[in-house]
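So the chains spell out like this:
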Amino acid sequence: MTEPTGRQRKNPIMRTRVPLPPAGRSRVALALTAAAALGRFELQVCADCGKVQYPPREACHGCLSLRLEWQPQSGEGELISETVLHHSHEAYLRDHLPLRLGMVRLDTGPTVIAYLHAAAAHPPCRVKIVAGLDKAGQAALVAIPGGHNSSEGAADMANDPQLRELICDPCAGAKSQGARARARSEPMNGERQRD
Amino acid sequence: MTRRRRAGYGNAVVAVPVTIPYVRHSIRGAHWFIARGLHDLLEVSGLDKSDLDGLCLSSFTLAPDTAVGVTQHLGLSLRWLDHIPMGGAAAIVALRRALRAVESGDATVVACVGADTNHVDTFRNTIGNFSQFARDAVYPYGSGGPNASFAFLTDYYMRAFGARREDFGKLCIAQRENALRYPNALFKKPLAMEEYLNARPIAEPLRLFDCVMPCAGAEAFLVMSRARAEDLGLPFATVLATMERHNSFPEDPIQMRGGWALDREELFAQAGVTHRDIDFLQTYDDYPVISAMQIEDLGFCGKGEAPEFIREHSLTIDGTFPVNTSGGQLSVGQAGAAGGFLGMTEAIRQVTHMAQGTTVPDARIGLVSGFGMINYDRGLCCGAAILAEPRA
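Top to bottom, those sequences are chains A and B. Numbering follows my numbering, in which position 177 of the first sequence is assigned residue number 177; successive positions increment by one, without gaps. Numbering follows my numbering, in which position 254 of the second sequence is assigned residue number 254; successive positions increment by one, without gaps.
Note that these hints are calculated values from the structure, not bench results. It should be emphasised that the depicted structure is a prediction, and the values quoted were computed from it without experimental measurement. Any given hint might turn out to be false.
[What the hints assert, rightly or not] Cut-off 25 Å, straight-line C-alpha distance, at most; resulting in silico cross-link-like pairs (SDA-like, lysine to any residue):
{"no.": "1", "chain 1": "A", "residue 1": "51", "chain 2": "B", "residue 2": "248"}
{"no.": "2", "chain 1": "B", "residue 1": "303", "chain 2": "A", "residue 2": "78"}
{"no.": "3", "chain 1": "A", "residue 1": "51", "chain 2": "A", "residue 2": "76"}
{"no.": "4", "chain 1": "A", "residue 1": "51", "chain 2": "B", "residue 2": "249"}
{"no.": "5", "chain 1": "A", "residue 1": "51", "chain 2": "B", "residue 2": "376"}
{"no.": "6", "chain 1": "B", "residue 1": "170", "chain 2": "A", "residue 2": "86"}
{"no.": "7", "chain 1": "A", "residue 1": "135", "chain 2": "B", "residue 2": "128"}
{"no.": "8", "chain 1": "A", "residue 1": "135", "chain 2": "B", "residue 2": "129"}
{"no.": "9", "chain 1": "A", "residue 1": "51", "chain 2": "B", "residue 2": "250"}
{"no.": "10", "chain 1": "A", "residue 1": "135", "chain 2": "B", "residue 2": "135"}
{"no.": "11", "chain 1": "B", "residue 1": "303", "chain 2": "A", "residue 2": "124"}
{"no.": "12", "chain 1": "A", "residue 1": "135", "chain 2": "A", "residue 2": "4"}
{"no.": "13", "chain 1": "A", "residue 1": "51", "chain 2": "B", "residue 2": "375"}
{"no.": "14", "chain 1": "B", "residue 1": "188", "chain 2": "B", "residue 2": "320"}
Turn these sequences into a full structure, and let the hints guide you.
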């Protein structure tokens with residue numbers, strides 16, 4: 001059972017301002033959002049040297065290969081650092097302060113900056129990165145407490161009132177946990193290759 | 001194979017440190033602050049505008065212009081031009097480029113200028129589009145800007161090395177004391193430890209006085225031959241050694257060291273001095289954790305020992321280890337790219353005995369350090385220079 005967030009209803013006479021989170025992304029980063037929209041966390045993997053990388057790049061920073069493939073990731077890693085943000089430069093995010101953020105070293109190598117779930121312990125601890133969508137429709141990565149199985153990521157997000165406001169689970173409409181798990185693990189059309 | 005020993009900077013010197021007083025906000029453009037910087041360089045040096053044949057510029061708020069547009073905007077005809085987008089490392093890198101240009105004869109007088117304006121929304125625009133990685137993978141997460149990035153580094157550093165808030169506080173308070181003797185500092189009240197510790201949280205563990213305040217202003221200096229400086233009767237400093245490194249230690253999961261750690265031995269060897277000879281240190285200090293890292297990586301103490309070093313030393317102008325003698329960015333303000341020049345102009349003043357109120361007694365040799373550009377999760381540009389009073 002999820003708790004109400006307790007946010008105040010707006011005065012209906014007041015003009016409605018609808019700020020959004022920052023929506024600008026490079027073209028190469030949009031693939032992260034495309035995967036997140038299917039409930040999957042994918043990163044670029046080099047087809048030549050196997051290096052996994054983040055943030056998204058135009059080439060492999062290990063061997064400069066241009067053959068990068070987006071592949072599903074387990075998201076397992078270690079929370080190495082955290083902060084609680086009390087100040088933001090964007091109106092939308094200011095409405096949601098304070099915000100807990102984490103820096104996560106994925107087991108596959110890259111360091112990821114993500115929203116940090118309220119139930120996650122302080123670093124160092126195991127966490128898991130899952131991908132949702134923010135109000136701008138862009139991918140938003142969330143570090144949830146480690147040791148969970150991937151299909152519970154969405155439920156976990158809903159249990160953090162802050163994250164429930166910030167991030168939508170694109171698979172929430174799936175009929176069952178089973179369907180949601182399948183959506184997360186199965187590529188849509190066999191092998192997906194972008195670019 | 002051993003590398004060829006780097007040539008020194010025998011013939012080229014640095015002179016005429018200029019500061020255009022900072023203001024919190026300005027309606028002027030970056031060009032205005034650049035123009036004022038150049039104007040003061042010429043006025044103090046006695047040079048004519050036509051004597052200037054090189055310009056090395058750093059600014060975050062010049063867009064859509066670069067240094068190229070500035071030549072026409074300000075009517076400069078040059079034969080040597082450089083634009084250095086390296087933030088807090090820009091002054092070191094500008095100095096390196098300009099010294100070589102003068103030494104080789106590609107230019108005779110190079111103006112190095114760091115200048116920025118600060119409109120009401122400037123800072124947000126700068127950090128929201130700071131880099132591709134920042135826009136894709138950092139800024140959307142809370143839009144905290146550098147506060148959030150340095151909060152991660154500070155949180156990790158405190159846990160890894162047992163640093164306490166009081167250690168960072170001691171550094172910030174010492175710099176504030178220095179700033180009270182520096183006329184251009186925007187912060188003019190003493191800072192007490194209670195006030196530091198209980199300030200409002202910005203990005204935990206960082207609180208208000210851990211964070212630089214963005215503002216508008218300019219810093220500038222000239223590089224020319226020693227003979228030219230002597231002809232003009234200008235006090236000048238010699239440069240004993242410099243270094244720069246970019247994207248050092250990319251495999252570190254989080255930044256706990258910078259390029260200084262790779263080059264400090266060569267830096268001191270080239271300078272022919274030891275750490276004991278250094279009379280003062282100007283770090284790049286947008287947040288105290290990065291000053292601690294510079295103290296360690298430049299070799300003044302071991303890795304993780306800066307908290308202990310800070311506890312043992314007094315860091316004010318008249319202390320056992322004077323740091324950021326003008327007050328640093330934390331107490332003077334961060335005028336964009338000029339923030340990277342603040343330590344350099346102050347160091348030139350110290351070794352040319354023009355520092356007035358902030359004078360470190362008998363200062364002959366100083367180290368200036370630069371750090372810049374949090375492209376994603378860490379600062380990519382590191383630099384350092386050792387400046388000295390000229391030997392007769």
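Under the constraints set out in the numbered hints, which ones does this structure not fulfil?
Violated: none.
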